Structures are given as structure tokens and as C-alpha cells.
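Sequences listed follow chains B and L, in order. Here the first sequence stands for residues 210 to 471, where the numbers follow the numbering used here. Here the second sequence stands for residues 66 to 140, where the numbers follow the numbering used here.
These aren't lab readings, by the way, just hints derived from the structure by calculation. A hint or two may mislead.
[Unchecked claim] Straight-line distance between alpha carbons at most 16 angstroms, and here's what the computed EDC-like set of lysine to aspartate or glutamate pairs gives:
#1 B/Lys377 x L/Asp128
#2 B/Lys377 x B/Glu351
#3 B/Lys405 x B/Asp387
#4 B/Lys226 x B/Glu313
#5 B/Lys405 x B/Glu388
#6 B/Lys377 x L/Asp121
[Said to hold, decoys possible] Cβ pair distances, simulated, as ranges:
#7 L/Asp96 x B/Ser316: 18 to 28 angstroms
#8 L/Val69 x B/Pro287: 26 to 36 angstroms
#9 L/Glu68 x B/Thr464: 39 to 49 angstroms
#10 B/Asp309 x L/Val69: 43 to 53 angstroms
#11 B/Ser300 x L/Val120: 42 to 52 angstroms
#12 L/Val69 x B/Glu351: 24 to 34 angstroms
#13 B/Ala360 x L/Glu68: 30 to 40 angstroms
#14 B/Lys320 x L/Ala132: 28 to 38 angstroms
Note that the structure is a prediction, hence the values are computed from the model and not measured. Ideal Cβ positions, reconstructed from N, Cα and C, are used throughout, including at glycine.
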Amino acid sequence: MARKEEGGTYLYAVVPKAAAPEKLGELSGVEEGKVYGIEGGELTAVVSDVPTREELRPERRLLAAHQRVLDQVIDSSPAVLPVAFGTVAESGAGVRELLDRYQEDFSQQMKRVEGKIEMGVRLTYRASKPNLFEFLIASSPELRAERDRAAESGRELTREEKIDLGQKVDAVLGSMRDEYAERLVQALGDFGIDSKRNPPRNESELVDLAVLVPKDKREEFEAAVESAAALFPDTFVLEQVGPFPPYDFVDMHLTAPMAGEA
Amino acid sequence: MAEVQRSGGTQGGGGLADVIGVILDKGIVIDAWVRVAVVGLEIITIQARVVIASVDTYLRYADAVAATATAATPA
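Can you build the whole structure from these sequences, using the hints too?
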């Protein structure tokens, strides 16, 4: 007989105990479970029950449910430590053990993000004329010379020559990314407490920055993004997204307490 | 001057695409409690993650740059 794994406790976030929002009970989470808090020391874990502990598929509706709970929590709590999607404990007791065991670490991380939200700022090349590669050629005489040499040779490049040329393109793109990121970080530096650069998702994305912003400085931050747009050519789009819970600034990799462990 | 675009978190129009890469493996990660089906994960991370520099990328860049020679007028 196949043994089905029984229900579990899905984790969304850890918040200060005092901030445990009353209205959590009205909120439904992943698989429509009622959201509630589990207290441990000075902390509250925001959780909901799930019917099984089988693997969750990262489906849109589940991701959205996770994120919807987090959105509510950042609105109502001064500090939020978001938990990665798909984290399911065996029971509420396990969650309480986790809170006890990592009380210190949670509190420390909490101080860092208290009163702050994460904003994303993304700089993307958008024009099709000139396209990204024409733009790169125009900004790098060396690359232009390489291209012209290849064109003048009057023959198809060998695979090795292509790889070599491609690496040079990649290097030019890479240093442009560094330069633009530096420029952006400087422009936003006064308002962001901290910033982190994430790797680009595609070649047109030049900079993807996560910035930790005090909640009460959000207007100033948005104004700074507005002014920063002047630092980049009009073939670019500067996107501001957020607010998000501070996923990029809570870096905790923990070991789950074993079942039955005291 | 670059064009500025804004979107809210998931509350605004920005939507899930903006957070998918982030909510899957950032924040508090608890070993042995993470239960995300790997099959679906691969599909989603391919969409959300980095283009890692690879031979394929280099070949594509080379072709894209070569194509600019025919499109552009020499300076």
C-alpha cells in the first residue's frame, strides 16, 4: 500500500511577535489554507496548513498565493523575513523548534531589514534600431574593427573565429554592464541602505539591481530613479518594480529540526 | 534619457514574472523542508535565470555582430 505523506505546515515568513497581524486569519494561502501565526519566543512564523507534504509544482496559482500572503505581511509588519517558496514543515511543532533554534539569527536579520522594503531597478536595452549589437559596435571601436575585419575577409568565419568574436562581444557587454551598474548605484546611493546586483536574465538586460529602501524614503527613492534615467541613452528603459519583501537581503540557509528532536 | 517604467509588487501590474526568480531560492531557505517539484522548476528557471556565457551564446553574438555589417553604413 502506498503511504501518502500526511499534511504539513507551509511557511511564508518570520515576523516579530509583536507585529503578528490580526488580520492574517482572514487571509488564505497556498491551496486555500487559512493563514495563521505560530509563536516562538519573540517571533511569529506566518504559516498555513497544506493537505499533503508532496512536492509542490511551481505553478502560477501557487506562486501567486505565496506572494499574496507576503504582500499582506509586508504591509502590516515592520520587519519581514521571507521564506523561499515551497517550504513545508511536518508540523507546527517543527516550526516552533525552528524558531527556538534560530532565535538569535532571526533577530539579527530582522534588525537589518526592519522598516525597509526591497525595490527592484532594472535597466534594459529596448531599441530595435539600432539594436543592441549595433549599439555595442558604436560604443567600441575595437569591436567595430573586429567586425569589419571579419566582413572584409569575404568568407564565412570558422567556428573558432566565431567563438573568439563572440567572446569579445561578451566582454564589451560585460564591461558596459559594470559601468552602467556603477552609475546606477551611485545615483540611487543616498536612499538605498544597501543594494545587490543580480545576474541578467537575458542579453538586453544590462543591470538588475535590488535595493533595500526605508519605507519612509520611498518617495525620495522613486524621484532618484526618475533622475537616474537621464544618465542613460534613450534606447534604454529604466524599470522600477516593487515593493517586495527583502528576499535579496535575507540570506539564511538553515537546517530543519528532525522529527521528534527536542 | 531612458524611459522610466513603474510597476508595483504583485499587487500592481508588475506581476509574478518579476518575483519568480527571487521567491524560489532566496530569503530563508530550510534544508529538507523545501518541496518544490524539480521538473517544473527547471522549466521556470530557464525562463527566469541568467543566460550563462556558453559556446552557443558566443556563436549567437558573433552572428548578431556580423549582421550589423550588412545593416550599417560604414562610418
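Quick rundown of the hints versus the structure:
1. Our distance criterion of 16 angstroms between C-alpha atoms is met by B/Lys377 and L/Asp128, whose separation comes to about 13 angstroms.
2. For the hint linking B/Lys377 to B/Glu351, the alpha-carbon distance of about 9 angstroms falls within 16 angstroms, and the restraint holds.
3. Between B/Lys405 and B/Asp387 the CA atoms are separated by roughly 13 angstroms; this keeps the pair inside 16 angstroms, and the hint holds.
4. For the suggested pair B/Lys226 and B/Glu313, the alpha carbons sit about 14 angstroms apart, so the restraint of at most 16 angstroms is met.
5. A hinted pair counts as satisfied when its Cα atoms are at most 16 angstroms apart, and B/Lys405 with B/Glu388 qualifies at roughly 15 angstroms.
6. Between B/Lys377 and L/Asp121, the direct Cα distance comes to roughly 14 angstroms. Compliance with the 16 angstroms bound is thereby established for this hinted pair.
7. Separated by about 21 angstroms at the C-beta atoms, L/Asp96 and B/Ser316 satisfy the suggested range of 18 to 28 angstroms.
8. A C-beta distance of roughly 29 angstroms is found between L/Val69 and B/Pro287, which places it inside the suggested range of 26 to 36 angstroms.
9. Distance hint for L/Glu68 and B/Thr464: a CB-CB separation of about 46 angstroms, consistent with the stated range 39 to 49 angstroms.
10. A hinted range of 43 to 53 angstroms holds for the C-beta pair B/Asp309 and L/Val69, which are about 46 angstroms apart.
11. In this structure the supplied range 42 to 52 angstroms holds for B/Ser300 paired with L/Val120, their Cβ-Cβ distance being about 49 angstroms.
12. Look at L/Val69 against B/Glu351: about 32 angstroms separates their beta carbons, and that is inside 24 to 34 angstroms.
13. The hint said 30 to 40 angstroms for the Cβ distance between B/Ala360 and L/Glu68, and at roughly 33 angstroms that hint holds.
14. As the Cβ distance of B/Lys320 to L/Ala132 is approximately 53 angstroms, the hint placing it in 28 to 38 angstroms is violated.
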